[in-house]
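Enquirer: For the protein sequence lines, the chains are A and B, in the order given.
Under our numbering, the first residue of the first sequence carries the number 416, and numbering increases by one thereafter.
Under our numbering, the first residue of the second sequence carries the number 190, and numbering increases by one thereafter.
Treat the hints as calculated values from the structure; they're not laboratory data.
Do not rely on the hints blindly, as some may be mistaken.
Below, a list of computed lysine-lysine pairs in the DSSO-like style, where the Cα atoms sit at most 30 Å apart [what the hints assert, rightly or not]:
no., chain 1, residue 1, chain 2, residue 2
1, A, Lys428, A, Lys486
2, A, Lys433, A, Lys470
3, A, Lys428, A, Lys485
4, A, Lys485, A, Lys470
5, A, Lys485, B, Lys291
6, A, Lys433, A, Lys468
7, B, Lys262, A, Lys433
8, B, Lys267, A, Lys470
9, B, Lys262, B, Lys244
10, A, Lys472, B, Lys291
11, B, Lys244, A, Lys468
12, B, Lys267, B, Lys244
13, A, Lys418, A, Lys468
14, A, Lys472, A, Lys428
15, B, Lys262, B, Lys291
16, A, Lys418, B, Lys262
17, A, Lys472, B, Lys267
18, A, Lys418, A, Lys485
19, B, Lys259, B, Lys244
20, A, Lys433, A, Lys472
21, A, Lys418, A, Lys433
22, A, Lys418, B, Lys267
23, B, Lys259, B, Lys291
24, A, Lys486, B, Lys267
25, A, Lys486, A, Lys418
26, B, Lys291, B, Lys267
27, A, Lys470, A, Lys428
Partial list, derived from the structure: chain B residues whose beta carbon lies under 10 Å from chain A [what the hints assert, rightly or not]:
no., residue
28, Ser196
29, Gly274
30, Lys291
Quick reminder that beta carbons are idealized off the backbone N, C-alpha and C, glycines included.
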Amino acid sequence: DVKVTQSSRYLVKRTGEKVFLECVQDMDHENMFWYRQDPGLGLRLIYFSYDVKMKEKGDIPEGYSVSREKKERFSLILESASTNQTSMYLCASRRSLNRGPGNEQFFGPGTRLTVL
Amino acid sequence: AQTVTQSQPEMSVQEAETVTLSCTYDTSENNYYLFWYKQPPSRQMILVIRQEAYKQQNATENRFSVNFQKAAKSFSLKISDSQLGDTAMYFCAFMGETSYDKVIFGPGTSLSVIP
Numbered sequence: 416d417v418k419v420t421q422s423s424r425y426l427v428k429r430t431g432e433k434v435f436l437e438c439v440q441d442m443d444h445e446n447m448f449w450y451r452q453d454p455g456l457g458l459r460l461i462y463f464s465y466d467v468k469m470k471e472k473g474d475i476p477e478g479y480s481v482s483r484e485k486k487e488r489f490s491l492i493l494e495s496a497s498t499n500q501t502s503m504y505l506c507a508s509r510r511s512l513n514r515g516p517g518n519e520q521f522f523g524p525g526t527r528l529t530v531l
Numbered sequence: 190a191q192t193v194t195q196s197q198p199e200m201s202v203q204e205a206e207t208v209t210l211s212c213t214y215d216t217s218e219n220n221y222y223l224f225w226y227k228q229p230p231s232r233q234m235i236l237v238i239r240q241e242a243y244k245q246q247n248a249t250e251n252r253f254s255v256n257f258q259k260a261a262k263s264f265s266l267k268i269s270d271s272q273l274g275d276t277a278m279y280f281c282a283f284m285g286e287t288s289y290d291k292v293i294f295g296p297g298t299s300l301s302v303i304p
């Protein structure tokens, strides 16, 4: 089974802090994603990565950056946390689209971040 | 831009009954994929069922089936013989051929199965 893990289930930070959210997958997937989940809005894509050191902006990248130094690890960085970044953050991975479209995404358990 | 709409924020169903969750989407593409994902309380999101737009036959996975109406841009999920473990948030999702890297999710429907 694909396993996607996230470094924390719950996190509380203060406004202005730099926040790192880590995601690790163990199935050698090329593609990895970061979403935020808010009630009534579903999942919104923040950033995604095709491969190591590759990244692409999603729909709501403002205030976030990412890092992918190793294939299995994809980090989301909040450079200066703000209260409007309080949310559930979900990481996902998927095998390369070159190996067939329509592949499912495998999700981590999520990190509920509260910024005070 | 593609959009996905789920018009039922919350639904409930008696155990062993059948329930249908609705989803509509907007796209100008001809080839695409549609998904239903399930997110149980405090648990990881998992794929329930997947439909390829070029296939006319509706997808089925055990108690879960879809009614895919391409012309109407409708993709509903039917859960038969509902079980307590079906209680979850359900998300409809769209992936178009011109943007396979992105999946567009609907706002979700919270389903409660009542004993």
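Enquirer: Each hint: holds or not?
Expert: Hints, verified against the model:
{"no.": "1", "hint": "A/Lys428 / A/Lys486", "verdict": "28 Å, holds"}
{"no.": "2", "hint": "A/Lys433 / A/Lys470", "verdict": "20 Å, holds"}
{"no.": "3", "hint": "A/Lys428 / A/Lys485", "verdict": "26 Å, holds"}
{"no.": "4", "hint": "A/Lys485 / A/Lys470", "verdict": "13 Å, holds"}
{"no.": "5", "hint": "A/Lys485 / B/Lys291", "verdict": "22 Å, holds"}
{"no.": "6", "hint": "A/Lys433 / A/Lys468", "verdict": "21 Å, holds"}
{"no.": "7", "hint": "B/Lys262 / A/Lys433", "verdict": "43 Å, violated"}
{"no.": "8", "hint": "B/Lys267 / A/Lys470", "verdict": "37 Å, violated"}
{"no.": "9", "hint": "B/Lys262 / B/Lys244", "verdict": "14 Å, holds"}
{"no.": "10", "hint": "A/Lys472 / B/Lys291", "verdict": "10 Å, holds"}
{"no.": "11", "hint": "B/Lys244 / A/Lys468", "verdict": "36 Å, violated"}
{"no.": "12", "hint": "B/Lys267 / B/Lys244", "verdict": "18 Å, holds"}
{"no.": "13", "hint": "A/Lys418 / A/Lys468", "verdict": "21 Å, holds"}
{"no.": "14", "hint": "A/Lys472 / A/Lys428", "verdict": "24 Å, holds"}
{"no.": "15", "hint": "B/Lys262 / B/Lys291", "verdict": "19 Å, holds"}
{"no.": "16", "hint": "A/Lys418 / B/Lys262", "verdict": "33 Å, violated"}
{"no.": "17", "hint": "A/Lys472 / B/Lys267", "verdict": "34 Å, violated"}
{"no.": "18", "hint": "A/Lys418 / A/Lys485", "verdict": "16 Å, holds"}
{"no.": "19", "hint": "B/Lys259 / B/Lys244", "verdict": "10 Å, holds"}
{"no.": "20", "hint": "A/Lys433 / A/Lys472", "verdict": "20 Å, holds"}
{"no.": "21", "hint": "A/Lys418 / A/Lys433", "verdict": "27 Å, holds"}
{"no.": "22", "hint": "A/Lys418 / B/Lys267", "verdict": "28 Å, holds"}
{"no.": "23", "hint": "B/Lys259 / B/Lys291", "verdict": "20 Å, holds"}
{"no.": "24", "hint": "A/Lys486 / B/Lys267", "verdict": "37 Å, violated"}
{"no.": "25", "hint": "A/Lys486 / A/Lys418", "verdict": "14 Å, holds"}
{"no.": "26", "hint": "B/Lys291 / B/Lys267", "verdict": "25 Å, holds"}
{"no.": "27", "hint": "A/Lys470 / A/Lys428", "verdict": "26 Å, holds"}
{"no.": "28", "hint": "Ser196", "verdict": "12 Å, violated"}
{"no.": "29", "hint": "Gly274", "verdict": "17 Å, violated"}
{"no.": "30", "hint": "Lys291", "verdict": "6 Å, holds"}
Of the numbered hints listed earlier, those contradicted by the structure are 7, 8, 11, 16, 17, 24, 28 and 29.
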